Every structure is written in structure tokens, then in C-alpha cells.
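Student: What follows is the residue order along each chain.
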Amino acid sequence: AQSVAQPEDQVNVAEGNPLTVKCTYSVSGNPYLFWYVQYPNRGLQFLLKYITGDNLVKGSYGFEAEFNKSQTSFHLKKPSALVSDSALYFCAVRDIRTGGFKTIFGAGTRLFVKA
Amino acid sequence: EAQVTQNPRYLITVTGKKLTVTCSQNMNHEYMSWYRQDPGLGLRQIYYSMNVEVTDKGDVPEGYKVSRKEKRNFPLILESPSPNQTSLYFCASSPRDESYEQYFGPGTRLTVT
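Chains as they are written, first to last, in this note's numbering: chain A, 1 to 115; chain B, 1 to 113.
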């Protein structure tokens, strides 16, 4: 079965330091991978995606993610964290076996950036 | 402005009283979906729709119904709500191609007592 794991419930980082939010996946075939962010009392917003091509993808607000096929990982990164990055982050995969119409989300990782 | 809207945003109801949460998008997207968000479980897909009159079950469809009579609307129906359906619900839409990201509504917080 297809699945997404975010092994950390919470990540704490000081402002200005690099941050990493981890995501691993299990899919049949080539994965379509996504990162979304949720700010308090808001819906999810798209950050970035990996479909094919370069393993390092860049997205909104200075975020990037590295696709690693051998480790089945898609970790979210940012070189220098901001307090305003504090939010809930979700990794997701679209199930290509069903034509991409089913989407599986990880449980989410709460990021706290301390000033 | 391109957006997904949901109504109501907040709803408190009692067990067994039928309710409908509406979802509408103005981006002409073929694909629409409903999710529920629960602490520690992330988002779980309830139902999705690939186009008008075409719907299918997600991972947690029990107790829910949907319909897609128009491209822009995708209402979620709870015929007989129960307390275990207390949750935060999100509607989302995207173009049909699975490589596209989804656009999410603001959420509906439902409490069933």
C-alpha cells in the first residue's frame, strides 16, 4: 500500500539556522510528491512538488526539497529559518495507480522557529 | 480571485441531524476532493471527483455522501452525523492532471454532540 511518513511530530529551530522537515514514502512506480504548509486557522497552501527531472526542487518562500529515490525520501529544507515559517507542514503523494486521483498525506510536522 | 470556498466555516450540530457542507471553486478544475483533518492523523481523503457525475471513495468514506452535478460544486453530505465525525474538513480542487497541486478551501470545523 502507498504511504507517507513524517517521522517527527515537531521540529524546533532557531531563527537564521537551516531547517529540515523529513518525509519518506512508499509507492508503486514513480511518485508524484508534494509539500504543503498550513498556517493557523487557514487551509493548506502548496509549497513545492517533485514530478520528474532535477532531484532538487525549489518552491515558495525560499523552501526547497530533495528527492532521493534510493532512500525514498523527500525532505523539505530551508537554508535560513524565519519566525514566520512556524506552521504545520504536510508531505503528500498522489497515487498514480488510480490516475493520481487519490492523495495520501503524512501526519504533519509542526515547525517552531524561535527568535 | 481564484479560490475554493466552503460554507459554513463553523458548525455545531447534534447526532443524527442531516447536514451539508458546500464547496465551490471558480478555477474550472475537473478534480475536486474532500478531506478530514484530525490531530496526529494528518489529512485523510473522504471522497474525490474526477469530473461531473464521476465520484469515488477515498480512504474514509463511511458516513459521508457526495454529489457532483456541476463542475464548480462538490457538496459533502452527512446523512446522520455521529460524534466521531467531529473534525476539520477541507475541500480541494485541481486540474485533472495528477502532476498538479491542489488548491484548498479555508476549512469547516464541525462538532457533533
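For the record, the hints were derived by calculation from the structure and aren't laboratory data. The reader is advised that the hints may include incorrect statements.
[What the hints assert, rightly or not] Here are the simulated distance ranges between beta carbons:
1. A:Lys58 - B:Glu62: 22 to 32 Å
2. A:Gln45 - B:Tyr10: 19 to 29 Å
3. B:Val14 - A:Gly29: 30 to 40 Å
4. B:Pro95 - A:Ser26: 25 to 35 Å
[Stated by the list, open to error] Some chain A residues judged to face chain B by a derived CB distance under 8 Å, without partners named:
5. Tyr39
6. Arg42
7. Gly43
8. Lys58
9. Phe63
10. Phe112
11. Ala115
Remember, it's a predicted structure, so these values are computed and weren't measured experimentally. C-beta atoms are modelled at their ideal positions from N, C-alpha and C, and glycine is treated no differently.
Student: Taking the hints in turn, state whether each one holds.
Tutor: Cross-check of the supplied hints:
1. A:Lys58 - B:Glu62: 22 to 32 Å: violated, 40 Å
2. A:Gln45 - B:Tyr10: 19 to 29 Å: Roughly 21 Å apart at Cβ, these two residues keep to the hinted range, so it holds.
3. B:Val14 - A:Gly29: 30 to 40 Å: violated, 45 Å
4. B:Pro95 - A:Ser26: 25 to 35 Å: Roughly 26 Å apart at Cβ, these two residues keep to the hinted range, so it holds.
5. Tyr39: The hint is violated - Tyr39 (chain A) has no Cβ within 8 Å of chain B, the shortest such distance being about 11 Å.
6. Arg42: holds, 7 Å
7. Gly43: holds, 4 Å
8. Lys58: Interface hint status for Lys58 (chain A): violated (14 Å vs cutoff 8 Å).
9. Phe63: Result: violated, 14 Å to nearest chain B Cβ.
10. Phe112: violated, 16 Å
11. Ala115: violated, 26 Å
In terms of the numbered hints stated before, the structure departs from hints 1, 3, 5, 8, 9, 10 and 11, listed from lowest to highest.
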